[in-house]
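Chains as they are written, first to last, in UniProt numbering: chain A, 1 to 430; chain B, 1 to 430; chain C, 1 to 430; chain D, 1 to 430.
Take the hints with a grain of salt, since some may be wrong.
Since the list can't tell identical chains apart, any single copy or any two copies may satisfy a pair.
Distance condition first, Cα-Cα at most 30 Å in a straight line; then the derived DSS-like pairs of lysine-lysine [as the list claims (entries may be wrong)]:
hint: 1; residue 1: Lys-126; residue 2: Lys-162
hint: 2; residue 1: Lys-166; residue 2: Lys-126
hint: 3; residue 1: Lys-166; residue 2: Lys-201
hint: 4; residue 1: Lys-129; residue 2: Lys-162
hint: 5; residue 1: Lys-19; residue 2: Lys-67
hint: 6; residue 1: Lys-67; residue 2: Lys-373
hint: 7; residue 1: Lys-392; residue 2: Lys-364
hint: 8; residue 1: Lys-394; residue 2: Lys-166
hint: 9; residue 1: Lys-126; residue 2: Lys-67
hint: 10; residue 1: Lys-364; residue 2: Lys-394
hint: 11; residue 1: Lys-19; residue 2: Lys-201
hint: 12; residue 1: Lys-126; residue 2: Lys-392
hint: 13; residue 1: Lys-364; residue 2: Lys-162
Just so you know, the hints here were simulated from the structure itself, not pulled from any lab data. Source: prediction; values computed, not measured.
Protein chains: 4
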Amino acid sequence: MIPRYSRPEMTSIWSEQSKFQIWFEIEAHACDAQAQLGVIPASAAAAVWERGSFDIDRINEIERETKHDVIAFLTNLAEYVGEEARFVHQGMTSSDVLDTTLAVQMARASDLMLSGIDRLLTALDKRAKEHKHTPTIGRSHGIHAEPTTFGLKLATFYAEFKRCRKRLQQAREEIATCAISGAVGTFAHIDPSVEQHVADKMGLQIEPVSTQVIPRDRHAMFFAVLGVIASSVERLATEIRHMQRTEVREAEEFFSAGQKGSSAMPHKRNPVLTENLTGIARIVRAAVTPALENVALWHERDISHSSVERVFGPDATIALDFALHRLSAVMENLLVYPENMQANLDQLGGLVHSQQVLLALTQKGASREDAYKMVQRNAMQIWSDGGSYLDKLKADSDVATFLSSDELEVLFDLDQHFQHVDTIFERVFT
Amino acid sequence: MIPRYSRPEMTSIWSEQSKFQIWFEIEAHACDAQAQLGVIPASAAAAVWERGSFDIDRINEIERETKHDVIAFLTNLAEYVGEEARFVHQGMTSSDVLDTTLAVQMARASDLMLSGIDRLLTALDKRAKEHKHTPTIGRSHGIHAEPTTFGLKLATFYAEFKRCRKRLQQAREEIATCAISGAVGTFAHIDPSVEQHVADKMGLQIEPVSTQVIPRDRHAMFFAVLGVIASSVERLATEIRHMQRTEVREAEEFFSAGQKGSSAMPHKRNPVLTENLTGIARIVRAAVTPALENVALWHERDISHSSVERVFGPDATIALDFALHRLSAVMENLLVYPENMQANLDQLGGLVHSQQVLLALTQKGASREDAYKMVQRNAMQIWSDGGSYLDKLKADSDVATFLSSDELEVLFDLDQHFQHVDTIFERVFT
Amino acid sequence: MIPRYSRPEMTSIWSEQSKFQIWFEIEAHACDAQAQLGVIPASAAAAVWERGSFDIDRINEIERETKHDVIAFLTNLAEYVGEEARFVHQGMTSSDVLDTTLAVQMARASDLMLSGIDRLLTALDKRAKEHKHTPTIGRSHGIHAEPTTFGLKLATFYAEFKRCRKRLQQAREEIATCAISGAVGTFAHIDPSVEQHVADKMGLQIEPVSTQVIPRDRHAMFFAVLGVIASSVERLATEIRHMQRTEVREAEEFFSAGQKGSSAMPHKRNPVLTENLTGIARIVRAAVTPALENVALWHERDISHSSVERVFGPDATIALDFALHRLSAVMENLLVYPENMQANLDQLGGLVHSQQVLLALTQKGASREDAYKMVQRNAMQIWSDGGSYLDKLKADSDVATFLSSDELEVLFDLDQHFQHVDTIFERVFT
Amino acid sequence: MIPRYSRPEMTSIWSEQSKFQIWFEIEAHACDAQAQLGVIPASAAAAVWERGSFDIDRINEIERETKHDVIAFLTNLAEYVGEEARFVHQGMTSSDVLDTTLAVQMARASDLMLSGIDRLLTALDKRAKEHKHTPTIGRSHGIHAEPTTFGLKLATFYAEFKRCRKRLQQAREEIATCAISGAVGTFAHIDPSVEQHVADKMGLQIEPVSTQVIPRDRHAMFFAVLGVIASSVERLATEIRHMQRTEVREAEEFFSAGQKGSSAMPHKRNPVLTENLTGIARIVRAAVTPALENVALWHERDISHSSVERVFGPDATIALDFALHRLSAVMENLLVYPENMQANLDQLGGLVHSQQVLLALTQKGASREDAYKMVQRNAMQIWSDGGSYLDKLKADSDVATFLSSDELEVLFDLDQHFQHVDTIFERVFT
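All chains, please: the whole structure from these sequences, using the hints.
Below is the structure:
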């Protein structure tokens with residue numbers, strides 16, 4: 001992933017340095033277990049920990065000749081450890097190292113993303129409660145529907161990212177497995193207890209059965225979950241973009257002083273962060289299909305999955321991690337304009353309450369047809385000429401037969417709409 | 001989905017009849033709860049249950065005029081219930097009915113697919129145990145690697161579909177929610193207890209917060225899981241296709257007597273079922289991206305998701321359900337040829353044991369370089385001239401320094417490779 | 001595709017009746033060519049045309065036994081033709097019939113979609129010219145930028161669908177090939193002249209080389225083009241959805257009298273057609289990836305592509321055809337509100353002209369810094385307090401040093417922005 | 001794209017250095033045209049060419065403050081050009097520079113990919129002609145079908161990549177447009193002749209109408225074509241992988257001396273290059289859907305497309321360029337084993353000729369049923385007991401009634417199958 005959409009914390013998980021460090025730890029832990037079993041000398045295991053090291057440039061140099069990265073690493077490791085290095089990797093296959101390392105990296109990447117979601121949840125929690133009772137118009141199809149509160153809007157995102165958190169937690173559990181089972185996964189040359197030991201040390205579960213490689217349905221599930229989270233990022237980003245439109249302007253991304261264009265065209269505050277997040281959602285989602293295509297490896301394994309993971313392993317996690325933090329910052333600093341929300345709510349002269357009136361009329365005994373006519377004729381006048389729908393209804397003698405002026409006032413009371421806000425908040429935030 | 005890839009059990013879940021029946025039940029249960037609250041007369045709720053009915057042709061006729069399906073249904077319902085029908089749907093919005101119905105259908109579809117997975121697991125369990133000790137060559141990159149057993153191969157699929165089962169179970173839980181919260185989800189005109197009642201009756205959980213619609217991240221997750229399962233179907237299908245190749249012929253799809261081409265070209269037994277499953281996997285996966293794109297609805301809802309779900313809701317579940325049963329039948333009836341497996345295993349004169357020999361030589365004290373040379377020169381001869389690798393090694397005096405004839409025999413003993421089969425089976429099947 | 005998103009003209013192309021009719025014609029034409037070559041008796045070819053027929057139910061009945069659709073068809077055909085039917089299909093393989101038929105169907109489907117695009121282009125042409133000079137605000141990032149005309153907006157769509165038309169025309173040419181080359185495509189049992197004859201008769205080009213099947217990169221390209229067109233449909237649909245928002249209301253989908261909800265909530269005119277088109281775009285695009293996955297068939301062919309094409313061949317073309325006509329109707333009947341466009345344009349008191357003023361000041365000799373300050377301080381006042389930006393600038397003595405009141409007026413003249421509208425229209429529409 | 005899958009020629013097109021160099025040229029050419037029009041002083045245009053330069057670090061430094069890359073570049077440019085820099089970029093908008101630059105980069109990337117395809121076509125041409133008459137078994141469904149030649153196999157790929165070349169050429173033409181039309185694309189502040197001048201100088205066509213940005217359906221089409229080409233890469237890679245299977249071994253990727261594992265396990269020559277290409281095909285295809293999602297920008301533009309293009313613009317072109325060259329090298333150096341092809345062909349004792357015999361029997365007057373029985377009973381014996389199908393048929397007295405021993409020989413003559421190889425080669429290679 002390009003630096004522009006990367007945070008160093010995540011990038012470092014995918015660095016060559018991190019990768020080889022994990023390789024080293026896996027090999028060293030395996031040696032411990034092998035020594036414990038008496039398969040290799042205890043001194044060899046000790047030597048690996050004591051003298052073992054690696055040099056990335058040197059590994060790359062060797063790989064250019066051998067065209068095999070794990071052999072290059074082991075050769076370089078042997079240059080540090082010496083003679084006893086021949087006990088390293090015994091009974092193992094390259095995939096044991098590669099796949100277990102990928103599991104460690106994906107687990108760590110998950111942890112970072114989980115904390116990204118947590119930051120976002122914190123921001124959403126705070127802003128939702130801050131605006132629990134800030135009235136705003138709810139819109140279906142982009143058209144004014146009925147009133148809601150800005151806090152309720154944010155509560156829906158809080159609940160959604162809670163679900164995303166749980167999904168990522170489950171995907172992390174699925175992905176965090178260790179395979180040290182040798183060629184074609186039979187443990188022919190290595191005892192299963194080595195796998196258990198390495199798993200314990202690396203914070204993983206053992207893979208119950210592998211075909212040399214850790215099965216790729218796990219990875220497919222992982223990337224699919226990232227795609228779902230990215231789509232939720234897109235939903236929130238889209239909401240902000242809509243709210244920031246010139247004609248709506250109910251909220252705006254925070255605009256820093258140095259940002260150009262802010263003053264000669266003061267209205268030109270573009271929701272560029274959330275537009276960017278919309279694009280990044282597409283990037284993250286792009287990893288889903290290749291990951292699904294990676295599942296059906298041939299027989300015990302082919303290596304077609306490898307290039308996909310080399311690219312999308314880092315790219316998708318780095319981009320989503322970046323997106324979660326960018327979105328958190330947007331939400332933390334979001335400029336909210338309750339007065340504009342109210343102005344938009346009032347824009348249609350109270351027509352948004354028409355359904356409420358219709359309901360009240362029928363409850364008071366009007367036939368559905370009559371009620372509809374009363375509501376309609378007044379609504380059409382407001383729609384064409386403007387004015388207050390409430391006033392029109394009060395002045396309608398047919399309406400008066402069923403609803404007093406006071407009763408009508410109540411129907412136009414926003415609080416009617418917000419009577420269950422507490423209930424919903426309780427459901428969501430506890 | 002076209003009939004060719006449909007099972008009636010699944011198709012009926014998505015029929016107009018089923019849909020309207022669920023609509024009816026939701027409305028009727030909601031009436032009960034409203035009556036309980038005193039919002040509508042108890043007699044009205046009773047009337048809905050007693051006289052309520054619907055006629056699909058009539059509904060479609062009304063919809064052609066009103067261009068609104070829920071209104072068309074309610075109008076038709078009123079034609080059966082009479083005057084008291086005006087209490088039906090009170091305080092609700094169309095989405096309450098539509099989304100809750102979709103939840104019921106997806107939950108039922110999940111149950112069918114879960115039983116499809118169960119059937120497949122049963123077949124895999126049986127065949128895996130049947131062939132627990134059937135030797136076969138393990139292949140990496142399509143090239144002979146080391147021996148494994150056919151049972152072990154199948155065990156990897158058993159474990160994979162177990163994971164798929166768990167994922168689908170979780171996705172089912174996620175999707176099975178009920179929203180009866182009215183326009184923009186505020187419960188402005190309906191008490192939350194109605195939602196709880198309907199949820200209980202329909203076997204769903206309440207949706208903690210909705211924006212008129214049930215949030216589409218749930219559906220995205222659901223379809224993503226179907227995509228993962230389809231990819232696992234593809235992996236098993238691909239394995240069969242490989243095994244059935246003319247040059248491999250280790251297993252074959254069952255070939256029924258009536259099937260054409262079976263006798264004039266007796267070799268022309270094509271793995272058409274598993275090839276078909278490979279294509280169906282692509283079809284199911286095609287639903288994933290649209291479902292992800294459906295998440296970011298505008299504001300409280302737009303209706304762009306609807307067409308996608310009308311098409312892929314049925315299509316993806318029907319196709320996957322069909323695939324699971326087709327694959328189950330393939331596995332139940334799979335013709336397995338252990339003698340061909342053995343012949344393939346033996347094809348390279350024992351070269352597949354070279355790594356084992358290399359390991360043994362170094363363990364016996366040979367330097368890695370020397371061991372390599374001994375293994376190599378004999379291997380190269382077998383590779384070019386054929387013959388038995390074991391015989392060649394026995395006749396090599398350098399090798400004899402380290403390994404006796406008996407010791408060599410042991411290294412070529414397949415059982416060495418299968419010593420941990422029990423362990424793995426225990427991990428997978430218990 | 002479900003009837004809701006289908007037009008009968010397109011559906012009939014994909015009917016069983018059409019399919020078998022094309023099969024019949026291919027076989028009959030092939031017989032003619034074979035008779036011409038003297039391979040089969042002329043009387044046999046004549047008999048096929050004279051007595052040849054088919055019965056769908058009967059074919060399906062036979063297929064249930066043989067599990068092979070082409071054999072079932074030929075068997076049924078023989079029931080009509082009699083003894084001489086044994087000369088039918090000689091030297092051919094099923095794929096010759098199936099793939100050539102698919103080519104015919106896709107070519108016909110293309111023609112229908114091309115006429116759908118033509119209808120849309122006609123509507124866009126008409127509305128663009130009608131509103132060539134209708135001022136409206138151009139928006140970048142959803143924020144007011146500079147003025148444009150509604151006609152110019154539409155011209156961009158006209159140009160885009162012109163490109164789509166050309167792409168579809170090219171894709172149609174690519175897909176319209178005929179293969180009558182027998183098993184594995186070698187013409188071992190049939191002369192290439194038969195292929196040429198059938199191609200000529202069916203309006204196709206010959207496939208230069210096939211591997212039993214027509215190569216699937218052609219189909220992949222075809223579906224990819226449908227995906228691009230669907231995305232252009234989405235762009236226009238999205239524009240309408242935006243314009244119809246309550247706060248913008250510059251245009252609206254035509255609202256028919258019978259449509260419910262129109263009067264009690266007169267503002268509740270939802271852009272449901274264009275929202276629906278947004279969803280349909282997702283459906284059409286869903287076919288792209290499976291079609292790409294279909295390319296890499298194994299060796300001379302496997303049948304994994306078949307199920308994908310049975311589903312997405314009809315589905316993608318039917319859905320896109322439907323979308324093109326729905327979108328055409330939307331554009332033909334679109335309600336356009338120039339007065340609202342003007343009101344939105346004026347909403348910011350003329351701030352949208354600030355860049356024009358900045359440019360003029362520097363051209364008159366003001367330093368960039370000074371010019372910026374003048375523009376800025378007045379802009380900020382309008383932004384916070386409202387009012388007319390032009391009036392503010394006229395009253396600014398520093399500005400007056402460079403620009404007279406008349407010169408300022410000119411800068412606020414919308415016609416300045418529209419001076420090249422003719423040029424652009426000429427580029428686009430000629 | 002990671003270095004592992006990158007060629008420097010392509011990477012450099014996407015470097016910061018290249019990008020800013022193009023920016024510079026666009027601005028400088030625009031100044032020339034503006035000077036020609038008398039809008040800016042000729043000396044200013046000259047100054048830009050003479051003193052104009054840029055410093056990437058400095059640009060990045062400025063961007064960190066302004067958060068706007070084009071302004072940062074212009075500021076840095078002004079540091080070199082001096083006072084007259086204020087005439088640079090006049091009447092233009094950032095997108096004019098960014099989008100036209102992207103067009104130049106994509107056109108150059110196309111040229112590189114076209115030469116990659118040319119290299120591949122050259123290799124395919126050479127190898128196809130080399131093996132024009134090398135017999136090999138054609139396989140449908142992975143099962144032996146009828147004989148073909150290896151040259152014919154390769155001819156299908158040659159024809160396919162010819163089509164890919166044409167598609168890419170068309171996509172290149174579509175993408176190579178220049179927009180210098182100012183904010184919202186109206187040319188309000190710049191004359192269209194500037195656009196024409198810059199287009200000419202940069203080797204582009206003018207964009208007939210833009211909405212500030214070059215319409216993204218062009219880019220969508222471009223990436224879709226890359227996806228199709230990647231899928232053709234996958235088809236050829238898959239073919240090699242199949243041919244290299246241990247049981248098939250008809251061809252192998254060239255195996256360099258240094259590559260590890262080559263000798264101790266001489267059979268373990270893994271088709272890692274083509275497996276890798278299978279994965280890279282997935283990577284390239286991953287760009288298609290995001291590019292399709294980029295089309296529907298809001299109103300005159302939003303910036304959601306930008307991140308997608310920053311990532312997939314380089315990634316997809318670099319990966320595909322790499323793949324084309326890797327695949328070319330594979331084909332140039334492919335080890336082909338005609339003797340193994342022949343051995344596989346002979347594997348079934350001549351059963352692959354059964355259809356030919358069936359056809360000959362019916363042509364000689366046997367009824368279809370009788371012919372079938374004769375072919376069948378002998379085929380079944382070969383299938384179960386092995387031996388020569390030809391010998392069996394010769395010994396069958398019923399068969400002898402219709403076909404003499406000599407006539408049978410002819411039916412088993414491979415040349416029968418290859419009689420039209422010249423015709424097909426002429427179609428494909430001329």
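Structure-based check of each hint:
1. Taking the shortest Cα distances, Lys-126 and Lys-162 sit within 30 Å of each other inside one copy (14 Å), while across copies they are farther apart (40 Å).
2. Only within a single protomer do Lys-166 and Lys-126 lie at most 30 Å apart by alpha-carbon distance; the minimum there is 20 Å, versus 35 Å between protomers.
3. When the C-alpha separation of Lys-166 and Lys-201 is checked against a cutoff of 30 Å, the pair qualifies both within a copy, at 25 Å, and between copies, at 27 Å.
4. With identical chains, the CA atoms of Lys-129 and Lys-162 are at most 30 Å apart within one copy only, with a shortest distance of 16 Å there and 42 Å across copies.
5. Proximity of Lys-19 and Lys-67 under a CA criterion of 30 Å is satisfied intra-copy only: 18 Å inside one chain copy versus 33 Å between copies.
6. Only between protomers do Lys-67 and Lys-373 lie at most 30 Å apart by alpha-carbon distance; the minimum there is 20 Å, versus 81 Å within a single protomer.
7. Taking the shortest alpha-carbon separations for Lys-392 and Lys-364, only the intra-copy value of 19 Å comes in at or below 30 Å, while the best inter-copy value is 56 Å.
8. Neither within a single protomer nor between protomers do Lys-394 and Lys-166 lie at most 30 Å apart by alpha-carbon distance, with minima of 51 Å and 59 Å respectively.
9. In this assembly of identical chains, the alpha carbons of Lys-126 and Lys-67 lie at most 30 Å apart only when taken from different copies (28 Å versus 53 Å within one copy).
10. When the C-alpha separation of Lys-364 and Lys-394 is checked against a cutoff of 30 Å, the pair qualifies only within one copy, where the shortest distance is 16 Å, while the shortest distance between copies is 60 Å.
11. Proximity of Lys-19 and Lys-201 under a CA criterion of 30 Å is satisfied intra-copy only: 16 Å inside one chain copy versus 47 Å between copies.
12. Taking the shortest Cα distances, Lys-126 and Lys-392 never come within 30 Å of each other, neither inside one copy (40 Å) nor across copies (41 Å).
13. Within a single copy, Lys-364 and Lys-162 get their C-alpha atoms no closer than 42 Å, and across copies no closer than 58 Å, so neither meets the 30 Å cut-off.
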